[in-house]
Amino acid sequence: MITARTLGLVAAAGAWALTIGHGAQAQDTIKIGELNSYKTQTAFLDPYKKGWELAIEEINAKGGVLGKKLEVISRDDGSSPGDAVRVAEELVTREGVNILAGTFLSNTGLAVTEFAGKKKVFFLAAEPLTDKITWQNGNRYTFRLRATTYMQVAMLVPEALAAKKKRWALVYPNYEYGQAAAATFKEMMKAKQPDIEFVTEQAPPLGKVDAGAVVQAIDDAKPDAIFNVLFGADFAKLVREGGTRGVFKDRTVVSVLSGEPEYLDPVKEEAPVGWIVTGYPWDKIKIPEHQTFLAAYQKKYNDYPRLGSIVGYATMKSLAAGIAKAGSTDTEKLITAFRGLAVDGPFGPFTYRASDHQATAGAFVGKIALENGKGTMTDIKYVDGASVLPSDDEVKKLRPAAE
Amino acid sequence: MNLNAFVFQAVNGLSSASGLFLVAVGLSLIFGVTRIVNIAHGSLYMLGTYIAYSVATKLGGALGFWGGIVLTAILVGILGAIIEVLLLRRIYRAPELFQLLATFALVLVFNDAALWIWGPEDLLGPRAPGLTGSIELLGRRLPTYDIFLIVVGPAVLLLLHMALSKTRFGRLMRAATQDREMVGALGVNQAMLFTGVFALGAMLAGLGGALQIAREPATLTTDLNVIGDAFVVVVVGGMGSITGAYVAAVLIAEVKALCIALGIVDFGLFTVNFSKMTLVAEFLVMAIVLITRPYGLLGREQGAVRSVAEPEEPLRPATTATKIGGLIVLFVLIAMPLIAQGSPYTLVLGIDVLIAILFAASLHFIMGPGGMHSFGHAAYFGLGAYGAALLVKWFAAPMGVALAAAPLVALMGALLFGWFAVRLSGVYLAMLTLAFAQIVWAAVFQWETLTGGSNGVLGVWPSAPFESRPAFYYLTLALAALGVFLIRRFLFAPFGYAMRAGRDSPLRAEAIGLDVKRIHWLAFAIAGCICGVAGGLFAFAKGSISPETIAVSRSIDGLVMVLLGGLQTLSGPIVGASVFAVLQDSVMRSTEYWRALLGGVILLLVLAFPAGIVGGLAKLFARRKAAS
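Going line by line, the protein sequences match chains A and B. Oh and the first sequence: position 170 is 170 in my numbering, straight run, nothing missing. One gets my numbering by counting positions in the second sequence from 1 and adding 403 to each.
Chain B on its own, in the form it takes in the complex (with noise of 0.2 angstroms):
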């Protein structure tokens, strides 16, 4: 390795970074003015690059190429302005995050739909007529096209900051960006200006994934691919900063680049492989950037957005009839083994609904009366399945044991992480539990030794008593009652009443003496605890786990359910949990293109029930009584 070597591959780096910040850019325009958390982002992006390639292959030649990246651009625009008009604007007034799950949706029925029009193949488009060739820098090759995408970004970059500073829609991104009920008490017509702002931000999605059609083939794995980095950069960036968005794009790419160039290092004691640690790169700067700078490089506190959503409903305890309620549906779970004696599965499925049901009420705990929005819970699932399993694993520790140690592990991991975590809010919060998360998956996956990396711990099963299927029900039910009882049983407590006044008043709860930041962190460190308990359930039911359980995919099935069900009532997770649950079993066996049909209905709900599942059975029911 020379000075040369690292020098060309800094300037490879910087091609890669405006791909990213193309991808990113858009997102954080979106974020920043209609504070839509946008995971079909990626989904755009792949449509880009399917749009470009059939457009280049069809019409051929610079025209297709260059022309269709233009066309592209405008198509995809479009189709953001479509699904602005046609879902978003029907949910803005659904309480924070929930326009998260329409998103998902679209991601789910977008991946299906590329599927069936461009089939299963990967599709690699021409290469860039006029740009196919390299230049000799530094007694090595530069791909021309590089060259290009290195003067890309910047130039985007500086339109967009031109038409941000100096046009009349830019000047009202930005005012809506730092408080949009400003701007729309000062009649300015929001619909218009988020409908613009979605299909500018598709826009450049759109622009990203057409100018990669070059380099790599357009492939139905790009959309979560790409979600993933593009949060990175805006987060890392500080959201709504498109020239963060720039620098972050430029620190992450060289990091990897950096890490590509070492290749493998001998300290003399050990060697390290440091391309290996491109897989969580942007995460740990993302992590590194967070905790020194909490809201990004260049980014600033995040004007306060006064819900335009109904206000909160206040927590009840529980009347009696709920009570009774509750303890019906108690009774008929444990009749359950009897009721299903001709239908085994039933139970089967009934231990993945009770697991699932326990991971999202100990999310719903701190997304909802806590309001922390971790986009990292499964970091906890998971930390709880592997300390049980190896547990099993390494000590052959009895079942007893290495459950128990499961919600103790959770709970470390949670103590340590979210100790950092509640110094922050919003998204910024958000991101760095989701960036602790991929550590932890990263460690786990890199770890092979002991963690068996990609494959996993085999060998986890119940011992006896509860090898049989019914006994291990009944555990897990037991468990999950329990769990969620507790959660009840905190969220009354004055520690509950406590962490809501955090919540709903950090000034004035400080004022009266309460300890925000503490009793967040101890609540953060409580759903943590719990969480353990399901994924220790989970590495058990299976026999054996792998990286997927810490995977963003399980963290963002948790956001689904807990919004599916209702953020703002207690009985949502347990119901969006089981919705979704029983919803993905029955649908994966009904269709080949299950994930449209899955996105689908999920749609229909979120459209249907703005307020999640329960919140809108409620608000139908008070409705009623209102009449009678």
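Chain A with its partners taken away, still in its complex shape (with noise of 0.2 angstroms):
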């Protein structure tokens, strides 16, 4: 007699097995591993994937390269670390990639970094913003394309300085990027700025602000200025609740992220006037590098691009200029290539610094304005990657395990 105990352990035994006998094919393309949250982070990862959509076309019409097309094997990392190792292994071990790029999420990016560096694998980290990813855990398999935590708001530090206010409260979200932001901040404001007070710290949890009470609470607080690390739909409701309750009325904001597309466009009418933040405004950006990725973007999707279409773009040129130098997809020799490897990206030149395996892209720093009742950006300046690291001896000590 077969139980149903027996059949279910076979069944199951069957379903595995088909796993098996997936083989690695002739190699006539680089494969590129991808993967990403794109079930979660829909927002800013749907135009991210028509960035690197269009950059893939892109090259490819070019011939690809070193006479091979790219392709792109795109998946989904589950919105975890342990799916996202899980994912990583399969591209490896079943795709027979040896090139990993993308993340989003801090845990997952440094998962994937962790996993890079144990079996030696390349992984250009697109988009995760933890310092930890090029430092403290930085290993000589990771390279990081998006500027950093630490670079943002070392970006809005002089805009905050400038603005000479004496008490300072802080609004983030309760995980590490807005605990990183919050700390690199009263940091570098203390540094220049002795005499500054952070009256309130006000630390949500992620996608679930009590907008009403937290702004509430920092009207309470009587700042002169508040610094801000919400975003995503916890931008929207402290913008929506601040202004019904008068609360950034006669105050400066400084706030990360915040003029990126992706965050500001929801908010529409509502738009923060005056807030000084890092951010995307696409219809303002004249350089020649930047025209021309607009109109091949509008051309390919009738849409505009986020900031994530640019990180997406930028990826794949990365991946693509650094396999053109090293002349191969050896991992060794990608490593090489890459280390003071410099791209043309949509927002100009940029290199992937030797020393902590940070790309120098910058971002934009500007103030929020409304245009035909849509958010934007003025008074815009490009702050240089570059100019906001820390020197190569600094980092050399941050990265205590990478060779």
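These are calculated hints, taken from the structure and not from any lab test. None of these values were measured; they are calculated from a predicted model. Some hints here could point you the wrong way.
As the list claims (entries may be wrong) - Label pairs and their in silico Cβ distance ranges:
hint: 1; chain 1: A; residue 1: Q291; chain 2: B; residue 2: W850; range: 44 to 52 angstroms
hint: 2; chain 1: B; residue 1: W850; chain 2: A; residue 2: D392; range: 44 to 52 angstroms
hint: 3; chain 1: B; residue 1: P747; chain 2: A; residue 2: D344; range: 35 to 43 angstroms
hint: 4; chain 1: A; residue 1: E332; chain 2: B; residue 2: I742; range: 30 to 38 angstroms
hint: 5; chain 1: B; residue 1: G1003; chain 2: A; residue 2: G96; range: 53 to 61 angstroms
hint: 6; chain 1: B; residue 1: G1003; chain 2: A; residue 2: D303; range: 42 to 50 angstroms
hint: 7; chain 1: B; residue 1: A465; chain 2: A; residue 2: I73; range: 20 to 28 angstroms
hint: 8; chain 1: B; residue 1: G463; chain 2: A; residue 2: Q291; range: 48 to 56 angstroms
hint: 9; chain 1: A; residue 1: G96; chain 2: B; residue 2: F888; range: 58 to 66 angstroms
hint: 10; chain 1: B; residue 1: I742; chain 2: A; residue 2: Y301; range: 16 to 24 angstroms
hint: 11; chain 1: B; residue 1: G671; chain 2: A; residue 2: I73; range: 27 to 35 angstroms
hint: 12; chain 1: A; residue 1: P400; chain 2: B; residue 2: F798; range: 17 to 25 angstroms
hint: 13; chain 1: B; residue 1: T674; chain 2: A; residue 2: Y301; range: 45 to 53 angstroms
hint: 14; chain 1: A; residue 1: K62; chain 2: B; residue 2: I742; range: 38 to 46 angstroms
Said to hold, decoys possible - Negatives, chain B to chain A, calculated, CB over 12 angstroms:
hint: 15; residue: K461
hint: 16; residue: L500
hint: 17; residue: L627
hint: 18; residue: T646
hint: 19; residue: F677
To be verified - Which stretches of chain B does chain A cover? Using the computed rule of at least three CB atoms under 8 angstroms from a CB of chain A, they are:
hint: 20; stretch: 448-454
hint: 21; stretch: 524-534
hint: 22; stretch: 748-756
No residue lacks a Cβ here, since even glycine has one placed at the ideal position from N, Cα and C.
Two chains, two separate frames, one set of hints: put the complex together.
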């Protein structure tokens, strides 16, 4: 007699066996394994995907790299480090890639960084902002494109200092990105403005800010200025409640990432005018690199790019440039090529620093303004990432694990 | 901070409370009558925000906003009725909790549907026409819409109260909450009653969502953000008690408002940022309430549900054929590294599947034969994982020591939490386990200096001789097989019989001298301990861990695996875990809308196998045998 137990187990083993036999195929393309939290960070990653698809199309239209076309194998990373590591292993062992790219969340980015270091796979972290990817937990196999938490804050600090305000309130999402941004801001401000006071700190859970109560608590602390790190839905709630309650009136607000269309556009005509932000004013950037990118993007998608589009586009452009410079997809040669690699992105040229593997891609700093019922930025200036990064000697101390 | 500030924050809290109440009350009604743990309630709320946004922006003006709210509530109510008729009605005869699996699938489907219809961006609705401004109160500005919300909560409460006490439908609902079989026996059309209640609950969820569009954007993460809060409010208030739900909503909202108002407090020796406590405030409240009042604030002991499902077959020791079959499977698994030489990924997935099996089997041990439905089993998985990882991080412990510590840490956690949990039963026990899991999660998340906070612990790799993948696979296989064998051994020892006796008839079990609480407590500890092994293996398999190992979603995954395989069979969790892990892995690769596909497959499985996969197959065999 065959019981259900046996049968079930055999069925399970059978289902499992189905994955066997998927061997490596002949390599006439260069495969890039891409993984990201497409299901939970949709507002950023939908344009991101469009961005890298455009880049791949352009690269392959010109004949690819080293005579081969680029092929991206894209996967959802399940928005969790555990799943991300499995997906990374799948890309490496099943699809046979030796170049990984992507990730959004800090913890998934770090988990893949750790995986790349252990398994000696090249990894270009596209979006995660945590400083640890290139510093504390950095390794020789991992590079990162996006301007980090530290850099984003450092770009805003001169503006915050120029406002000459004494009493600051901080509001940030309660996880590593928010905590690190707040800590960096406090440290840098204190160093330059010793009499500064931090009158309150609100750290609501990510995605669940009780905006009414939080802005009220900020108001009750009577700050002269506010430093905000909330983004996404939290940012929209904060802006609306703060507007209704008049909390931002006559106060300087410095806010990280809020000028990115992903987060600014949903608040439409309620865009908080005058906030000093980092972001991406896509219709104001007149440099030729960006004009070309913008035209191509709008032609292909009939939509304007978001910051995610820039990150996705620059990720694949970086990989193409790196592979071309290395003359091979060999991991060690790629690492050598990426150290000091110069790339032309939509924001102009940038390089991957040899010292900490961080790209010097910068961001735009400016003030939020309202034009035609939509939020945008004015007084914009591009801050080069290289100008806010610590020196090579300093980062050496920050990278204990990396050679 | 002065008194005015606190009073004002308390008023703020009341408007949040109304929001919480509206999400929770529908859930409470649905659970009270149908006993369905409706995880899709948050999805209905989310759809409410999206539909109301669409109506408000398409129609525009006061009609679009206010009319949109009414229209949304009606539409979501109709959707609820459709769900009940097309899906849930088909599986009421399934074993207890099985409907949870169907609603879980709906969460996945609805989320992808919303992404497909409304796109990826957050959608911030218009302000409420007529209520855009604010009034002066205590020298501060209170939005008029908040005042409106403060009134709406109690108004809905009053309306529902009237409806429940004065109408025939309401009387039937209350009767069904107390004893639904009796209501059926008296000739009431239960199908209509259930559909009506589900539609009403869904309508309230839609209304709750629609009312929020003036305050927050419609976003795809709302569903899971809301559902946790809703369950907490329902349980703290007492299942089925709508007044209780309101009281609980006020209590929780006020605790949070107080935390936010306190902000940073300097205690001299150390400072505490109370605003960070909002992460876990509701779960702390729930744990305290459930420990002191086992049925919630205003709840009463649940009426016994005489199960409508077919009676469960008693567990039988394995026959020779089963043993041989099990051995064959084990041999196949042992030979796997050889079979799969051409595709190393098989072993990667294999390790994940084996860990999932150990996780699900340990959960099944207390859920099935133990009758204790743990909604927070991830706590012990996480404790094991962190126990091992932190030893490696802080003491550079060798892998053997760290892996041995994993079950011990989990065991200690399970002994502590289990002691409280076994004092409760049914859904209250389930929610207390969830509260404990959330408290562990929050502690790990907040205690950054020790645990690495949200980024977790990195650099936990297997050491020699388990560095190679096949070696680690064998280690995982050995421990998983040992765990599953131990669980079986426990179940067929006198201890296992005593545990099942305590589940089936606590009174009789007590009467023959069994200390039911103590036995269930030990069972809880054993399950936690074995689950800890799975956690420890997970840490080494991934090289890093983060608080998501303890998150609610992992607990839900565990429930899904157990229910998918079949609660009433011992091989159920093994099959369920394998199917779920393999399915998720292949579905995630195959389409952009993988959640909808995964949800769709689970729905099909739910409809095809209302007793779980193994249960369904077993029944099929039994029928064929009887025929021949």
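For each hint, the structure was consulted:
| no. | hint | result |
| --- | --- | --- |
| 1 | Q291/A with W850/B: 44 to 52 angstroms | holds, 49 angstroms |
| 2 | W850/B with D392/A: 44 to 52 angstroms | violated, 34 angstroms |
| 3 | P747/B with D344/A: 35 to 43 angstroms | holds, 38 angstroms |
| 4 | E332/A with I742/B: 30 to 38 angstroms | holds, 33 angstroms |
| 5 | G1003/B with G96/A: 53 to 61 angstroms | violated, 31 angstroms |
| 6 | G1003/B with D303/A: 42 to 50 angstroms | violated, 29 angstroms |
| 7 | A465/B with I73/A: 20 to 28 angstroms | violated, 51 angstroms |
| 8 | G463/B with Q291/A: 48 to 56 angstroms | violated, 36 angstroms |
| 9 | G96/A with F888/B: 58 to 66 angstroms | violated, 37 angstroms |
| 10 | I742/B with Y301/A: 16 to 24 angstroms | violated, 46 angstroms |
| 11 | G671/B with I73/A: 27 to 35 angstroms | violated, 57 angstroms |
| 12 | P400/A with F798/B: 17 to 25 angstroms | holds, 18 angstroms |
| 13 | T674/B with Y301/A: 45 to 53 angstroms | holds, 49 angstroms |
| 14 | K62/A with I742/B: 38 to 46 angstroms | holds, 44 angstroms |
| 15 | K461 | holds, 15 angstroms |
| 16 | L500 | holds, 20 angstroms |
| 17 | L627 | violated, 9 angstroms |
| 18 | T646 | holds, 24 angstroms |
| 19 | F677 | violated, 10 angstroms |
| 20 | 448-454 | violated (count 0) |
| 21 | 524-534 | holds (count 5) |
| 22 | 748-756 | holds (count 7) |
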